[in-house]
Each structure stands twice: as C-alpha cells, then as structure tokens.
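Colleague: Here is how the chains run, residue by residue.
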Amino acid sequence: MRRVTKIAAASIASAALAFTATACGESSTESGGQDKGVGLAFDVGGRDDHSFNESAARGVDKAKKELGVDAKMMTAKNNETEADREQRLSQLAEAGYNPVIGVGFNYEKSITKVAKDFPDTTFGVVDAVAKGKNIDSMVFSEHEGSYLAGVAAALKTKTDKVGFIGGTQNALIRKFEAGFIQGVKETKKDVKVVPEYLYPNNDKGFNDPAAAKAKAKGMLDRDIDVIYTAAGQSGAGSVESIAKKKGAWAIGVDSDQYLQPGLAQYKESILTSMMKNVDVAVFDLIKSVEEGKPLTGTNAYLLKDGGVRLAKSGGNIDDIMPQIEEAKEKIISGEIKVDEQPKG
Amino acid sequence: MKEQPRQQTAVADRPPRKKIDKDKLLLAVAAPVLAIVAALAITSVIFLTTGDDPFRAFSIMVDYGSKSDSQVVIINKAIPYFLSALAVAIGFRMNLFNIGVDGQYRIAAFFAAVVGGALALPGFLQIAVVMIVAMLVGAVWSGIAGLLKTTRGVSEVISTIMLNSIAAAIIGYFLHEGRLAVRDGNLIHTEPIPEAAHFFSIPTQEDPVNGFIVVAVVVGFLYWYLLGRTRFGFDLRTVGRSEEAARASGVGVKRMVVTSMVLSGVVAGLVGMPTLLGESYNYGTDFPTGIGFTGIAIALLGRNNAVGMALGALLWGFLERTGGRLEFEGYAQEIVGVMQGVIVLCVVIAYELVRRYGLKAQQRKVGEQLAAEARTDKAEVSA
Numbered sequence: 001m002r003r004v005t006k007i008a009a010a011s012i013a014s015a016a017l018a019f020t021a022t023a024c025g026e027s028s029t030e031s032g033g034q035d036k037g038v039g040l041a042f043d044v045g046g047r048d049d050h051s052f053n054e055s056a057a058r059g060v061d062k063a064k065k066e067l068g069v070d071a072k073m074m075t076a077k078n079n080e081t082e083a084d085r086e087q088r089l090s091q092l093a094e095a096g097y098n099p100v101i102g103v104g105f106n107y108e109k110s111i112t113k114v115a116k117d118f119p120d121t122t123f124g125v126v127d128a129v130a131k132g133k134n135i136d137s138m139v140f141s142e143h144e145g146s147y148l149a150g151v152a153a154a155l156k157t158k159t160d161k162v163g164f165i166g167g168t169q170n171a172l173i174r175k176f177e178a179g180f181i182q183g184v185k186e187t188k189k190d191v192k193v194v195p196e197y198l199y200p201n202n203d204k205g206f207n208d209p210a211a212a213k214a215k216a217k218g219m220l221d222r223d224i225d226v227i228y229t230a231a232g233q234s235g236a237g238s239v240e241s242i243a244k245k246k247g248a249w250a251i252g253v254d255s256d257q258y259l260q261p262g263l264a265q266y267k268e269s270i271l272t273s274m275m276k277n278v279d280v281a282v283f284d285l286i287k288s289v290e291e292g293k294p295l296t297g298t299n300a301y302l303l304k305d306g307g308v309r310l311a312k313s314g315g316n317i318d319d320i321m322p323q324i325e326e327a328k329e330k331i332i333s334g335e336i337k338v339d340e341q342p343k344g
Numbered sequence: 001m002k003e004q005p006r007q008q009t010a011v012a013d014r015p016p017r018k019k020i021d022k023d024k025l026l027l028a029v030a031a032p033v034l035a036i037v038a039a040l041a042i043t044s045v046i047f048l049t050t051g052d053d054p055f056r057a058f059s060i061m062v063d064y065g066s067k068s069d070s071q072v073v074i075i076n077k078a079i080p081y082f083l084s085a086l087a088v089a090i091g092f093r094m095n096l097f098n099i100g101v102d103g104q105y106r107i108a109a110f111f112a113a114v115v116g117g118a119l120a121l122p123g124f125l126q127i128a129v130v131m132i133v134a135m136l137v138g139a140v141w142s143g144i145a146g147l148l149k150t151t152r153g154v155s156e157v158i159s160t161i162m163l164n165s166i167a168a169a170i171i172g173y174f175l176h177e178g179r180l181a182v183r184d185g186n187l188i189h190t191e192p193i194p195e196a197a198h199f200f201s202i203p204t205q206e207d208p209v210n211g212f213i214v215v216a217v218v219v220g221f222l223y224w225y226l227l228g229r230t231r232f233g234f235d236l237r238t239v240g241r242s243e244e245a246a247r248a249s250g251v252g253v254k255r256m257v258v259t260s261m262v263l264s265g266v267v268a269g270l271v272g273m274p275t276l277l278g279e280s281y282n283y284g285t286d287f288p289t290g291i292g293f294t295g296i297a298i299a300l301l302g303r304n305n306a307v308g309m310a311l312g313a314l315l316w317g318f319l320e321r322t323g324g325r326l327e328f329e330g331y332a333q334e335i336v337g338v339m340q341g342v343i344v345l346c347v348v349i350a351y352e353l354v355r356r357y358g359l360k361a362q363q364r365k366v367g368e369q370l371a372a373e374a375r376t377d378k379a380e381v382s383a
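Protein chains in written order, with my numbering: chain L, 1 to 344; chain F, 1 to 383.
Check the hints yourself; a few may be wrong.
One-sided and incomplete, this derived list gives chain L residues near chain F with beta-carbon spacing under 7 Å [unchecked claim]:
| # | residue |
| --- | --- |
| 1 | Met74 |
| 2 | Thr112 |
| 3 | Asp127 |
Computed Cβ-Cβ distance ranges for the label pairs, DEER-style [to be verified]:
| # | chain 1 | residue 1 | chain 2 | residue 2 | range |
| --- | --- | --- | --- | --- | --- |
| 4 | L | Asp117 | F | Val37 | 34 to 40 Å |
| 5 | F | Ile166 | L | Lys185 | 42 to 48 Å |
| 6 | F | Arg56 | L | Leu67 | 29 to 35 Å |
| 7 | F | Leu27 | L | Pro261 | 52 to 58 Å |
Listed next, the stretches of chain L that the computed footprint assigns to chain F, with coverage defined by at least 3 CB atoms under 8 Å from CB atoms of chain F [what the hints assert, rightly or not]:
| # | region |
| --- | --- |
| 8 | 199–207 |
| 9 | 312–322 |
Source of the hints: derived by calculation from the structure; they are not laboratory data. Every residue, glycine too, gets a C-beta built ideally from N, C-alpha and C.
So that you can see chain L by itself, here it is in the shape it has in the complex (with noise of 0.2 Å):
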C-alpha cells in the first residue's frame, strides 16, 4: 500500500507538471491599462531607508505635488532573482504605470528586458546604463562627491584617522570609496583611512543596520572619529553608534541624513552627507515623460550640475567651506581627475 500511496503521488505530480509546462490558460501580462502615473521598484531597505530608496521617493513626491500624477511603489527583497525584478517591472508596466523606474543596478538587466515587452512605455533604471530606445539611464559621479567627503573628513579629524563603511563590496561601492580616498590623502596625506565593508558580496550590507552599528562600533574603539558611511539603510546604524561617542562625526549618505525624521536623535553628530540626487533625476524622467518628450539614454548627473553634492544642514561643514569650494572647483575644472575605484 505504500507504494500505491507514491505511486500515486508521484502520478498526481506528474499530472500538475504535464499541466504548467503546457503552459495551457491565459498569460498575466495580456492585459493592458491606461497612463496610471509612476512605477518606482526600490531596491532593497525600501522607501524609508534614510537614504538611497528614500532619495529616488522625495523625486517621485514632487511629482505627485507639482506634476499631479499617481504612484505606485514597490520593494525588493533580499535573495531575489532575475525572475522576481522581471516580475514587479512587468506588473506595474502591464498596469498602464508610465514610466517605471528601477532604482538600483541589479536592475538593469530585468530592466533592458522587460522594456523590451513595452516599447510604449518609458523606463528608467538608477546606478546603471542599460541598452534600449526607451530607457533612460541615470548615473551619477559618486567619487566625485565622495572627494568632497573625504576633504571634509580630513579636516575635520583631531585623531588622524578615518573610516569609510561600504554595504556591500561592489564596483558601486567602490566608487564611494575610491573618491573618499582620494579626498583625504590630497588635503592631508598623513591621515590614515581604514576602508571596511559589512559584506563581500550579499545585498543584505544594504538593509542590515545592526551590522553597521557593530561595525562602526569597532571603527570609533580604533580612535577612527569620521566616518563614511555607504550603506544604503544600514547607515543608521551607524550613526546611531556615533552618536554615542562625543566628539566622532558621521557623514551620511545620498540623502541629506541630516534632516531625516528618523534620524533626528542623533543629527548633532551628522557633520554632513554626500547627497545623490536622485530625486532631482528621477523627477526629470517623470516630467519629461508627462510633457510627452521621454528622457532616454544615458544621462549623467556629475558634480558640475549639481547631480551630486555635500550637504549644508547643522552647519558642521561652514568652517571649513572654503576648502571645500576649492576642491569643488579643481573636480569641475578637471585639475583634480578623481579614481572611480581605489588604487591597488
């Protein structure tokens, strides 16, 4: 009788395999929609991550504000596949949300493919170029603002030492890093910067705010008292071990951390935060696409138009604004040609 159970079973499986692989029924992307308004998939963290994700929402809030469109916004989770980006993009696309927008790299793959399913609807996709006539590719110059950081730590340091903490050890990541570096070593080259990341290669250095907190934790035990935090939704963390330690300043990241609500407890330690403008890209691309002239290809928001800058809020960094303007200058100019990955 065991037997005829599997026997069973086993043809009851077969029978539901024969049917999927068939693939008989209709397909979920046969229906279509109307114009909805905005599409936005954040990366993981989500919208209320202090930072990336919430940068790429305040574009999509002033939209809703000025442009009067609609939104609807979803959220990667950890351990995704190729199959699950595919999946939200197409959704909201189907649904009639013009444009969809992919904010993070792992997008770009799942993007170039899925805008190829809509010609009729405009993509975008944040950190990557991906190729298509319909998909606007926005990138932005972390290093060099991440110079500016590394100016602005350097001269703020007393212990001569300073740290930089990246999510998750990407080429992205790196970006942040390489320009840090740089930023510090040129202003003053005895300061001694300790680059760590929370994880090799897992998105989860991304949503993990525990994780920074320790590690920033170990960083300040080090008589490390700046640091640079790249992490996405993790850097709260961080700063929230900062904040503990008197005297020790955290520089935010993509959004101005200063003024975050969530962050508001600890902001007298924020001396600053290399602000990516996500927003200002990712409000572009929705504007374009409501006057009926879609931004497409790649577009890059560099130093010079403001695509990447170092917040003012607290007024921690007036003192050393001069300096800062000067480097500013030099990038823009090209005297200063700041590594988009570090040396060796």
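Mind docking chain F on chain L? Use the hints.
Modeller: Chain F in isolation, oriented as in the chain L frame:
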C-alpha cells in the same frame, strides 16, 4: 503503474493487514491536509489582524499563480529549490544537519563559472566539465565539514555555517576586477560562458522552461533509488536512526558520515547550475543567494521524500510568484514570508500529531485484539 496488480494480490494474500493499511493511507493524507488547513487558518487570522481581506488575497494568489507565464516562472523557481532540498535531505536522512548547502552551492557555482568562462570546448563537453567542477567543489566544501566531524568531533552545524561565511569571503575576494572577474558597469561578474555551452531550454508559448528540470528529475530519482533501494541507502538510514545499532551491525559510521556529507555537497554543487547554465551564464554580484536555506525548509516540508520535496519546491515557487502580486495589490510583501514560515511549522506539527495519533490508534487496536483473545481464552477455559 505496472507494480499495482502485484501490490493488490499481495494485499489480498494478507487480508488482516488490509484495514491497517487503509488507515495508514488515511493518516498519510491527513497530515498534509491538516497542515494546509491550519496554515490557511493562521494566515487568514494574520490578514484579518492587519485589516486585510484574506479571501480576496487567496483568490488573487490562485488567479495569478495559475496564469501560464506564472506557471513557467514557478517551475523555473522550483528547480534549484528542489535540488537544494535534495542536498539537505541526504544529510537529514542520517541525522546530519547540513546548513552549509548555501555556501556549497555558491562557491561551487562560482568556480564552475570561472572554469566555464575560461574554456571553449565543444558545447556538450563544456557543460559536462562545468557541472563536474561544480559537483567537485561542492563535495570538497562539504567534505571538510564531514572530515572535521569524524576526526575532531566538530558538530557539522557549526562547521558548515562557518564554511558558509568562508565561502562568501573567498568569492568576495576573487570576484574583483582583475582577479577572476570583469566589470560591466556597476555589475561585476566572471567571464561569460560561451553560447555553445548554454543549457537547452524547453520552449512554451511564454518564456521557456529551464531544461535543467530534466537533471533535477534524474537526481530526484537517483536520490529515491539510492536511499530507498540499495544497501548503501539502508546503511545510511540505519546510522541516522541509531549509530550504536549501525556500528553493532558492522557499518562504518565514520565512513558513512563523510560519504553522505560529500554526496550532499555533490548535489549542492548542482543547485546553482540552472541559473548559471540556463539564465545568467556568469557568476556575478547579482547571483541568487540563500537557496541553501530555502532547501532546508523544503526538505522539512517534503519529509525528505523526493515527490514531497518536488511538491514543496513548487509550492514555494508559487508563494513567491504570487507574493509579488500581493504586494502589487496593496498587501504587505512580508506576508508571504510569514505564510512560508507558518506552512513549515504546520507541516512539522501536523506530522508529529498524526504520527502520535497513529501510534495510539495502533496501540488501542492491539490492546483490543489482546483483550478479545484473552476473553476467548477465558471462555475456552471455563468451557
């Protein structure tokens, strides 16, 4: 199906067992049904407490999950999950808790991708080489844990979880521009595997089904055959039940520990292959992680039974696919994670309850029989 007539006559030859077997069948069906009903009830309560309508949610899931393109995605998702569950189950069957499948499949896929990207052999040969490399690396990685257990008594739970971190660090080191990887915008990945060595796929009217499903089915069959029908499988399960008894009957326990860890690693090595050979063609920073842990849940769900695990893997794929839809419809995306957890818990609890109930029923039956026999004996004596 050929087996059936013989089975029926076998049952007919032994009429007294027929009833017990019917009960057994009932119990076997009762456990999963009980689990699913309980899981549905609990998730309904969760939906209600968050102020959502559970029935609308379930109907969205069924509706969306049965769409033809969803079916293809579900099958493609289920393939690596099933392989991962098999790898975990090999350990489970002899009481080894291989948490390291996650690290094993990742490091295996990484080095297989490196080798695959460096070679340009004829397609078929190259696929074979890539798969063999993956299985070898997986075997080495799990074998370390096996050796540590047998030579130094280190619990495999500890060693495999540490080996996961070491695997991640090794991949992190080599996955760098100029080491074993190339940079492509912000993505870093190994050299792509040439087109000739891409695995075949089964076309449907939607996206194609990954051809690796064939390998998965073969491995599933081998698992069933090897563990259920061979001397080796018997020894392995014996060690799982009782090391002392196995040793007493002449089974080399240490050798079995290492062998089954290695076998588990071999299968783990295959977990990354459907993605590597059928989808991404390279190992990059975006290579899926965490499938090893999903495998643990599915092995529990499928009770280490090949068919059960296949169904569990499909269920998992279904939940993930439809979970994305739930978020789109305005439900919290975490709800699917909660559902998956609830289902695994319900299954474990339901099987235990049913097992105990079955045991009690059997005891009662035997008791009644003995009582009846005692009565007839007494009657005979008094007569």
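Colleague: May I ask which of the numbered hints given earlier this structure violates, with the numbers listed in increasing order?
Modeller: Numbers 2, 5 and 9 - these are the hints that the structure violates, sorted from lowest upward.
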